[in-house]
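Visitor: Sequence:
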Amino acid sequence: MRRFLTVTTIALAGSLAAAALVAPAAQAVQPVKKEKSSLTNTVVDDSLFGMHVFNAEDGVWPTVKIGALRLWDNETTWSSIEVAPNQFNWAKLDGAVANAEKNGVKDILMVLAGTPSWATDDPASGGAAGVLPGAAGMPRNLADWDDWVTQVVTRYKGRITAYQPWNEANLTTFSTGSPQQMAELTKRTYDIVKRIDPAATVVAPSMGTRLGSKGSALSKKFTKFYGTYLAALKANNWPVDVWSAHTYPASLGTPVDRALLIKGYQNALKVAGAPSKPIWDTENNFGLAGPGPQNPDQDITDNRASSWTAQTYLDSLRYGISRTYWYAWGPENDLVGIQMYEGTPAATAYATLQDWIVGTTFKGCESSKVVECSFAKGGTTKKVVWAERGAKNYKPQGFTEVCSLNGTCTPIKGGIRVSDPVLLTN
1 MRRFLTVTTI ALAGSLAAAA LVAPAAQAVQ PVKKEKSSLT NTVVDDSLFG MHVFNAEDGV
61 WPTVKIGALR LWDNETTWSS IEVAPNQFNW AKLDGAVANA EKNGVKDILM VLAGTPSWAT
121 DDPASGGAAG VLPGAAGMPR NLADWDDWVT QVVTRYKGRI TAYQPWNEAN LTTFSTGSPQ
181 QMAELTKRTY DIVKRIDPAA TVVAPSMGTR LGSKGSALSK KFTKFYGTYL AALKANNWPV
241 DVWSAHTYPA SLGTPVDRAL LIKGYQNALK VAGAPSKPIW DTENNFGLAG PGPQNPDQDI
301 TDNRASSWTA QTYLDSLRYG ISRTYWYAWG PENDLVGIQM YEGTPAATAY ATLQDWIVGT
361 TFKGCESSKV VECSFAKGGT TKKVVWAERG AKNYKPQGFT EVCSLNGTCT PIKGGIRVSD
421 PVLLTN
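The sequence shown begins at 1 in my numbering and counts up one residue at a time.
Where hints are given, some of them may not hold.
List time: in silico DSSO-like cross-link candidates among lysine-lysine, alpha-carbon distance up to 27 Å [claimed, not checked]: (1) 221 <-> 157; (2) 34 <-> 65; (3) 157 <-> 220; (4) 363 <-> 65; (5) 270 <-> 220; (6) 369 <-> 36.
Ranges of calculated distance between the beta carbons of each label pair, as one might list FRET restraints [claimed, not checked]: (7) 63 <-> 411: 24 to 32 Å; (8) 41 <-> 86: 24 to 32 Å; (9) 30 <-> 296: 40 to 48 Å; (10) 407 <-> 263: 43 to 51 Å; (11) 33 <-> 85: 36 to 44 Å.
What the hints contain is simulated information worked out from the structure, not anything from laboratory work.
The beta carbon of each residue, even a glycine, is placed where N, CA and C say it ideally should be.
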């Protein structure tokens, strides 16, 4: 596992040392765009850096600090716990919550989804992507749902801090219910949670946004489902505290493509007249196969892996996404393009970026040939700078040191050449 870090460290250190000696070439001046973000002038909390942790329920924990945990693919769904009516096996959920608490994580998000086979209205659903048979169906009797949510929130009051009714509710792999049914579950969840644990956060069901997206226009399938869902939610006085999307781009997509999905999702909320609430990206990675055969899966390694990981969280700040949960920390997983475990470039970048920005005040970003995001603390300002496409010559103003995502720092002498995110400081 260390092999990746060693190769990346050598490559980045070499390129960074060379970059410090390169003078920027003469080129046309590009106008600077001052970007707007709802998170400008807010303190960067460690909860921005969310994570899924495979086998957290069995005591596994990352070697990097994480700020928030989402429980999904941890054998903690309704179908995994309530194995028969009023017969609960809490061992896995107890283990995951205790593990998170032991490791200092105060923000735990639980996905309540996954209808048990004895309660489902669609026994033929599920059976793929780790979804148990029948689990994508809706509960035949809504009283069963109410009882399940009541049991969970009562048991974990003050420990689980956020609840999400469903995962990727617009995808039939995970839900065969209608938008109206999903809105009804959302409303019921909200009412129960607020009655038992008013301090807990209710997060809207996540929505998959990658269905054939081109530019900022989301697919008709997404728009039809989500628009109808939001209309039904409006009729219930918007019973959520946080909006949620999953912004996996198409398999060959980049962080730039993810940004387009974010903008498209935000526009869908605007079109529906939805009230302003925080937005969480509750699942993200790159390189997943699809949509369609023209988008095969891809492995994203070395510098690209570290760069895209850092850009994910930086772009979340740029575009007003206050929390992003990486999928996932664990052993090699063929499903995703960027692997995240001890010693990988992604893990190193994840930890380094936290060191750079957590506890600072985010002052916003500007973009031209490069993106420059400013962070302030204790009367000093530092910048994280990167190029979204290719490598660009750049002359830092007022900074004496440039640091790479592997932690290597080099004095600035003249201009530098920027591609992956780097920290400019004094």
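Visitor: All hints are to be evaluated individually against the structure, with a verdict given for each.
Guide: Cross-check of the supplied hints:
1. 221 <-> 157: violated (37 Å)
2. 34 <-> 65: violated (32 Å)
3. 157 <-> 220: Roughly 39 Å between the alpha carbons, so the hint for residue 157 and residue 220 is violated.
4. 363 <-> 65: With a Cα-Cα distance of about 24 Å, the restraint between residue 363 and residue 65 holds, given a limit of 27 Å.
5. 270 <-> 220: holds (16 Å)
6. 369 <-> 36: The given pair, whose Cα atoms are some 18 Å apart, holds under the 27 Å limit.
7. 63 <-> 411: 24 to 32 Å: holds (30 Å)
8. 41 <-> 86: 24 to 32 Å: violated (50 Å)
9. 30 <-> 296: 40 to 48 Å: About 34 Å separates the Cβ atoms of residue 30 and residue 296, which means 40 to 48 Å is violated.
10. 407 <-> 263: 43 to 51 Å: About 32 Å separates the Cβ atoms of residue 407 and residue 263, which means 43 to 51 Å is violated.
11. 33 <-> 85: 36 to 44 Å: violated (57 Å)
Hint compliance for this structure: hints 1, 2, 3, 8, 9, 10 and 11 are broken, all remaining hints hold.
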